[in-house]
Amino acid sequence: MLHIKCPHCGIRSQNEFSYGGDATIKRPELGKEISDQDWDNFVYNRKSLRGKHWELWQHLSGCRQWIKVQRDTATHEIFKTLKANEEIS
Amino acid sequence: MTQSFRLERGGLINRDKKISFKFNGKNYFGYEGDTLASALIANGVHLIGRSFKYHRPRGFFGAGVDEPYAIVQLYRNGETEPNIKATEQELFEGLEAKSVNCWPSVNFDVGAINNFLKIFLPAGFYYKTFMWPKSFWYKIYEPFIRKAAGLGTASIKHDKERYEHKYEYCDLLITGSGPSGLASAYSAAKNGAKVILAEDKSRFGGTLLTSDVNIGNQSGKEWADSIISELEEMSNVTIKNRSQVFGYYDHNMLVMSERISDHLPKTKKYHPKQRLWYIRAKEVLISSGSIERPIVFGNNDTPGVMLSSAAKEYMKVYGVLVGKKPLVFTNNDSGYETAIEFKKNGVDPIILDTRKEPQSEIIEEAKNMNINIKNSYVVVAAQGYKKVKSADIAKISDDKEELGSVENIKCDCICVSGFWTPTIHLASQSGNKTKFNEEIDAFVPGVSKQNEKTLGAANGIYTLEETLKDSFEKGNRISKEITNNDNKVSFPNVVEKKSTVHDKFWCVPLPKGKNYKRFLDFQNDVAVSDIEIALKEGYRSIEHVKRYTTLGMATDQGKTSNLNGLQLVSKIENKVVPAVGHTTFRPPYSPVSIGAIVGREVGKHSKPTRKSPMHSWHEKNNAVFVDAGVWLRPRYYKRSDENLFEASKREAKNVRTNVGVCDVTTLGKIDIKGPDAAELLNRVYTNAWLKLPVGKARYGVMLREDGIVMDDGTTTRISENHYHMTTTTAQAANVLSHLEYYLQLVWPELNVNVVSTTEQWAGAAIAGPKSREVLKKLFPNSDVTNEGLPFMGYMEGDLFGVKAKIFRISFSGELAYEVNVESDYGYFMWEKIIEVGEEFGIQPYGTEALSTLRIEMGHVAGSELDGRTIPYDNSLEGLISKKKDFIGKRSLSRKAFAAEDRQKIVGVVPLDKKTSIPEGSHLVKDSNAPLPNPKLGYISASCWSVEHDNPFSLAILKDGKNMIGEKLFVMSPLKNKVIPVEIVSSHYVDPKGERVRS
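If you're matching them up, the sequences are chains A and B in order.
Letter 50 of the first sequence, counting from 1, is numbered 50 in our numbering, and no numbers are missing.
Numbering-wise, our numbering comes out as the position in the second sequence, counting from 1, plus 89.
Straight line, CA to CA, 27 Å or less: simulated DSS-like cross-link-like pairs of lysine-lysine: (1) A:Lys26 <-> B:Lys973; (2) B:Lys586 <-> B:Lys445; (3) B:Lys538 <-> A:Lys5; (4) B:Lys371 <-> A:Lys52; (5) A:Lys26 <-> B:Lys984; (6) B:Lys780 <-> B:Lys978; (7) A:Lys26 <-> B:Lys971.
Source of the hints: derived by calculation from the structure; they are not laboratory data.
The shape of chain A in the complex, shown without the other chains (with noise of 0.2 Å):
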């Protein structure tokens, strides 16, 4: 089980938390114009990466934020955590 740092409540158990997929998806402007192309890519492809991913989390049974957090998917090493309004660098 993996230990997860909550940039707003510190280290807890994965079990309080879910899973969101890819944090480095940006959602296309509200009204804007785009290729059916560019949005399949947006609802649909992911990479499936192996080594160090920026993937979203929610601190479900906490806080309830939303949290970035970059972890390796491959050996489950966690390396960093952001809030939500922070941005991966």
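Fit chain B to the known structure of chain A by using the hints.
Chain B in isolation, oriented as in the chain A frame:
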């Protein structure tokens, strides 16, 4: 009854306390402190089971967790449990055990014919043979194999025992209480670190209990006892025996199974049977020791052949002789220690040492005791069927290839030692890439992956002095980094006998003209010849060889067989062992009962039960409940001997003709506040929200980004910047997370807060033509006329002194209201509604009537919004705003979603107006068409229309828009039904929606 194999004295058992038990129906006795294995051996019982494939007789091979043979079915306090190792099961009064994998009995086993057919049962036999004809599998092969194989029978009864889970944190978790575990725990504890010391067995001390050493002028056992008693006094130390740390997971999470009551005749009151510990450790010290490995020779599975360390343990811990004419077959000095112990107990052993001229202190001692030692000698084969009667032995050449002339000597047991294999399972599970140590011919942990260090024999360190030094030092250093204390422990004086190098010999060649089975894996009957076949057939990777031959599989996971298997593969392949590599070590290290894994999450504890504040009223009024997610909701209110169908029809009809009341507390409620609340709703819902006036409700549909309907419900504008959203019962939590996602990550500029208020409000839907009359009585001071509170209107009211929210919304399609009060007043509200409604014929209605009402109205619910439908499919396309963008809108223009003949919701009525249509049935054009019959759609929900008094269903049908009036067939192969039906509008009652506005 005398115990012919029990020594006069010695051992750590309590000879004052006799314990009686039963094995295969026969009565025996043992002593307190015995295991089932030691007690059986004391009674001269060596035949305990039959092997998995050939049904060859099986005895005891080890004395603990490494045991591959002695697996029994246990009976305890009216319960039965399979897969119990006799070597681990402690004896208790009244214990009963039976052999497994034998039929009809362990002494006469029909399956043993496999032993004579073994030429037909080579590696991969099951894969090769039972593949064809395919039709034979279910009826002939599988039942036969199931009867013949298996390691016991699982109970099908409800398990009355209690199992617990516990979460724990510590600075150091130390796995094993041998010399390295004790030393490291002691020095870490002295530094004030929070330590958990786990021991798999009932006794602490590990090899200190059986080895002839001296630490600080005490015997090994005395030293262990003194350390343990000192640790027990320290508040920062938790010591657990009968506790196996079986898994090392991510981020230093380890799981330990504590067997609290398995050694007792009956679990004590308020005690669990077992407890599973989830331990998050800052540092882990693996002190799991090592397991002796066998030398491979002919018929080496015969009962009476066992590990030499096990023979020593039976003598030293249990005061039991495994034989009276022992043969010790060894390639290292450990065998000598066992032989010396035999001699001390008045039994004359013979040592066969594969080495030519070994010299060491231990060997010297054996010689001085006049033990018969034969150098360069090997056991070629064991003789005897149900027990070793003699051994064929021979001299072996220096290159270990040629055998001399074979002679036969009498013996009743063969104690074998092929050197020691470090128990590296936990280290490997942590991600540590193991490395091969040439000196000890085994794998040891390499670079630490997580915060783990391996100590002592588990790390390939086999001398006591070095082990203790290293462990004291590591325990001190690691704890010092955590606690900043540095309390040095003085190192005790250690006396142990020096040993010399082992011989890398591991497998005895076959003598000319003999074809003995030489087993590598004792639990799975994998012999040398099986591996040879697998490699001849082209299997190369050790992982493939394992799966093809079953080497190292099953409950012992190859604890005694892995390395010899690797040796063989590397020999045939002409590689070195590290190049072959080992198979992956996976948790659990040894079997864990399913009960312990499940813990308290059984029955009602498997999920929470949510009840509305009106629950007790429903109970008192004969409600029959149904699970709605985690909620319990009344399905119907039973009157006299009504069944579900009759009751729900009555309740629904009463709503259509008079008035009914339904508990709708379970609906999800989300409070939305902030200046941008309307903007949020406008982006989340498909329809327009910016112009909704205060005091008005609106129905909304929300989509996922892929265009699929996520949820629906009404949202009411309570005040300028305050909205009250309702969701379906099932989606309440998901919708909240969905809103939080967009507010926190996508549109953080929106100034809105959302919070779940599902539990804060109790809700009652009052529906039916007379519902307004009920409202007038409930709220005499409010104007609830059609003008004062029009359809989709909202007002606050005073319900006999309780503040209430009144929404004029309808799911039933009738004139209807939903009244919400704070949860604590829910019961009061409900009673008042029933009380004032009595004169109008009010009846409570449950979910079944609720479904009937919504189905015949064509209102969609979870069975239509099933994660596969878009708004159009549910005839909700009128709610899609053309003017604004919203979540998922872009997806709706995808080709398939815009197709002309896209599926759409329709109504379905059987032509005979009698036959009920099973939900989930398929709609087809021609019921006699050849299979696969093209499916046009499916029935999503069915009811008995109370308005029309005939069955009615909703269906999602291809090109549903143009299918109204068509005649089709409903087919349900599961219910064996074919029903001719007509397709009608999904709005079967009041299609213009006049009633809700009346």
